[in-house]
Amino acid sequence: MMDSSKHWAALEAAYFSDPERVIRLKKGEELVRAGEPNERLFLIRDGLLCGWPGNTHRTREEQFRFEPGSCAGVQSFFSARGRAAFTIVALEDSTVAWMDRGQETVEIDGCRNLDQQFMPMVVHVLQNRQIQLQRMAERQEQVMERMREVEKLASLGQLAAGVAHELNNTLAVITQGTRWVSDIVTRDISSATDMEALFFETGMIGGRNLSTADVRKRTKEIESKLKMSGADARLLAQTGVPIPSLCKLSFAERERAAILHERWELGATLNDMCVGASQAEHVITSMKALGAPTSDRVSGLDVNESIRRALALMQSRLKGVELNLELGEVLAIHGNVGELVQVWTNLIRNAADAMTNAGVAAPAIWVETSQSGGDVKVVVRDCGPGIPPEILPTIFQPNVTTKKQGLSFGLGLGLTIVHRLVTDYKGTVVADSAAEGAQFTVTLPAEKGEEYG
Amino acid sequence: MGKPVIICVDDQREVLATLRRELSAHEDMFEVVYAESSQEARELLEEFDDSGELVLLVICDHIMPGESGIDFLVSLSTDRRFSEIRKLLLTGLATHEDTIRAINDANIDHYVQKPWQSDELLAAIATQITYRIMASGIDYQPYLALLDQKLLYKLLAQRV
Chain U
1 MMDSSKHWAA
11 LEAAYFSDPE
21 RVIRLKKGEE
31 LVRAGEPNER
41 LFLIRDGLLC
51 GWPGNTHRTR
61 EEQFRFEPGS
71 CAGVQSFFSA
81 RGRAAFTIVA
91 LEDSTVAWMD
101 RGQETVEIDG
111 CRNLDQQFMP
121 MVVHVLQNRQ
131 IQLQRMAERQ
141 EQVMERMREV
151 EKLASLGQLA
161 AGVAHELNNT
171 LAVITQGTRW
181 VSDIVTRDIS
191 SATDMEALFF
201 ETGMIGGRNL
211 STADVRKRTK
221 EIESKLKMSG
231 ADARLLAQTG
241 VPIPSLCKLS
251 FAERERAAIL
261 HERWELGATL
271 NDMCVGASQA
281 EHVITSMKAL
291 GAPTSDRVSG
301 LDVNESIRRA
311 LALMQSRLKG
321 VELNLELGEV
331 LAIHGNVGEL
341 VQVWTNLIRN
351 AADAMTNAGV
361 AAPAIWVETS
371 QSGGDVKVVV
381 RDCGPGIPPE
391 ILPTIFQPNV
401 TTKKQGLSFG
411 LGLGLTIVHR
421 LVTDYKGTVV
431 ADSAAEGAQF
441 TVTLPAEKGE
451 EYG
Chain E
1001 MGKPVIICVD
1011 DQREVLATLR
1021 RELSAHEDMF
1031 EVVYAESSQE
1041 ARELLEEFDD
1051 SGELVLLVIC
1061 DHIMPGESGI
1071 DFLVSLSTDR
1081 RFSEIRKLLL
1091 TGLATHEDTI
1101 RAINDANIDH
1111 YVQKPWQSDE
1121 LLAAIATQIT
1131 YRIMASGIDY
1141 QPYLALLDQK
1151 LLYKLLAQRV
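Chains as they are written, first to last, in this note's numbering: chain U, 1 to 453; chain E, 1001 to 1160.
The set of hints was computed from the structure by calculation and includes no laboratory data. Beta carbons are placed, not taken as given, at the ideal position from N, Cα and C, and that holds for glycine. Any given hint could turn out to be false.
Said to hold, decoys possible - Derived, one-sided and incomplete: chain U residues facing chain E with beta-carbon distance under 7 Å:
| # | residue |
| --- | --- |
| 1 | Gly206 |
| 2 | Arg208 |
| 3 | Ser211 |
| 4 | Thr212 |
| 5 | Asp214 |
| 6 | Lys217 |
What the hints assert, rightly or not - Far from chain U, some chain E residues (derived; all Cβ distances over 12 Å):
| # | residue |
| --- | --- |
| 7 | Arg1013 |
| 8 | Leu1016 |
| 9 | Glu1046 |
| 10 | Glu1084 |
| 11 | Asp1119 |
| 12 | Leu1122 |
| 13 | Ala1123 |
| 14 | Met1134 |
| 15 | Lys1154 |
What the hints assert, rightly or not - No farther apart than 27 Å at their CA atoms in a straight line, the calculated lysine-lysine pairs in the DSSO-like style are these:
| # | chain 1 | residue 1 | chain 2 | residue 2 |
| --- | --- | --- | --- | --- |
| 16 | U | Lys6 | U | Lys26 |
| 17 | U | Lys225 | E | Lys1114 |
| 18 | U | Lys377 | U | Lys426 |
| 19 | E | Lys1114 | U | Lys319 |
| 20 | E | Lys1114 | U | Lys220 |
| 21 | U | Lys217 | E | Lys1003 |
| 22 | E | Lys1114 | U | Lys227 |
The task is simple: from the sequences and hints, build the whole structure.
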């Protein structure tokens, strides 16, 4: 038995060496069309061809390649079909030799049967096609997966915007109502005793500014200094009215400690409501930005403001995380605040999650902005375990995630979105990792026409 | 011995304030104390243990800076001094896994979601302190108004 390369050389010499049986194709010319009769077996001599099953044109990913030294027309030649299985087109100017069954068979290695002689080559070709098909199917699946996830995100963005819009109306009612009630109560209470007014205002303006430990300490002090019962002392302690002022309370007033405390509680509760409403407003503004269509890009966008909005959205996620902000003077950019908020939210959330998953005892995040030439530079840093070196090169690709299961609403797309958005802004994002933590540096070009200095 | 103790733990003062308003009736009969962190709650528990006070119930949030509520409750259930204290988890955000841990490892007695319904919370508190008071052997009479009466009679019947 000859070895395969010698065998192949013999086949080539025997069947493909007729200089009359050569086709020259210009780039773009068709060799065969699927479904049409074909009795030829082709050998690519030079150039490059591509093909696909059927007649409709396919995308680059779906094409088979025919390089010099490979054969085409294998299926039609060796099956009973007699019709081309593929449409084959020249990608470059190419030369193709051909043979058909009309040629005289040559004895090779003791065999005169054409099909037997070509069998190893046919098997090889079909195997390759199998492998290529497999890869195409896998790539196709990946693309579909990505599309599904992008759709999911788009509808999430819409959902967020819709919810934000609904909440806005409700929130306006609450904010307005709270303000009006506060005004009326303030007005009415000033016609009560001076002490009641003082307690109310302390609550209204100061809010709940004492820790539970402070309250306990004050309680003991008031009990002894004012000779009051524990229960009354505790009530007055909560109000935060300074002890020297409490000492000035008349005997009758000390008897009414409960009433005084209630006035304070009234003020503090109204304060809670105002603060709560304003926090909710901030969150809603940021959420609305998430759903904004990408076409709404405006001039004069302040990157620092977009960072603040992103942080507002993440207040509860960032509880217990030390936040270090250094927002420098930066030029404005042309863009969409919702897109920027998405970028910062993703980077910051990744940082927080990385530290939570690694059980970092004192999690901390640094966000620094500065002007670097014509670019606004934003650095987001954490003190987590950093990014594993094997993931770092592909960190911006979809579905690369180190997050465990649990409270993670991620789709593995966070950094992909960041990369896509930043690139869309003609900016750059770079991931760095060290033992002390991970760092992401985003640069965004400032608006044209702005001058620094 | 002073009044029996109920401890409320939440890092948000507005929540503690709301709880205080809910528990205004309890503040007469019981020593209701408030803590803003697991650490603070633990210190209070040590003090009460030193002075021999009876702690009935811990009402605890989960998401807090520092030690989480469930981690804190797990530590209570493994400490012989505190394992008999009833545990009520009051939280707005807990994953499925957290909840399983709360039940299996922390042996919580009740779970209330935020925002809570006032009567649901008060009923749960009544039930839990009833269990604890009956188990401790102290006289339940003074606290009758704030106990789960149905449960009380059932437990009394079992005693006989």
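Evaluation of the provided hints:
1. Gly206: 12 Å, violated
2. Arg208: 4 Å, holds
3. Ser211: 6 Å, holds
4. Thr212: Interface hint status for U/Thr212: holds (5 Å vs cutoff 7 Å).
5. Asp214: 10 Å, violated
6. Lys217: 13 Å, violated
7. Arg1013: 4 Å, violated
8. Leu1016: 7 Å, violated
9. Glu1046: At about 14 Å from chain U, E/Glu1046 clears the 12 Å cut-off, so the statement holds.
10. Glu1084: 24 Å, holds
11. Asp1119: 21 Å, holds
12. Leu1122: Nearest chain U Cβ is 19 Å from E/Leu1122, so the label holds.
13. Ala1123: 24 Å, holds
14. Met1134: 27 Å, holds
15. Lys1154: Label holds. Min Cβ-Cβ 33 Å, cutoff 12 Å.
16. U/Lys6 <-> U/Lys26: Since the Cα atoms of U/Lys6 and U/Lys26 sit roughly 31 Å apart, the hinted pair is violated (cutoff 27 Å).
17. U/Lys225 <-> E/Lys1114: 39 Å, violated
18. U/Lys377 <-> U/Lys426: The given pair, whose Cα atoms are some 13 Å apart, holds under the 27 Å limit.
19. E/Lys1114 <-> U/Lys319: Roughly 18 Å between the alpha carbons, so the hint for E/Lys1114 and U/Lys319 holds.
20. E/Lys1114 <-> U/Lys220: Answer violated: E/Lys1114 to U/Lys220 is near 33 Å, above 27 Å.
21. U/Lys217 <-> E/Lys1003: 19 Å, holds
22. E/Lys1114 <-> U/Lys227: 39 Å, violated
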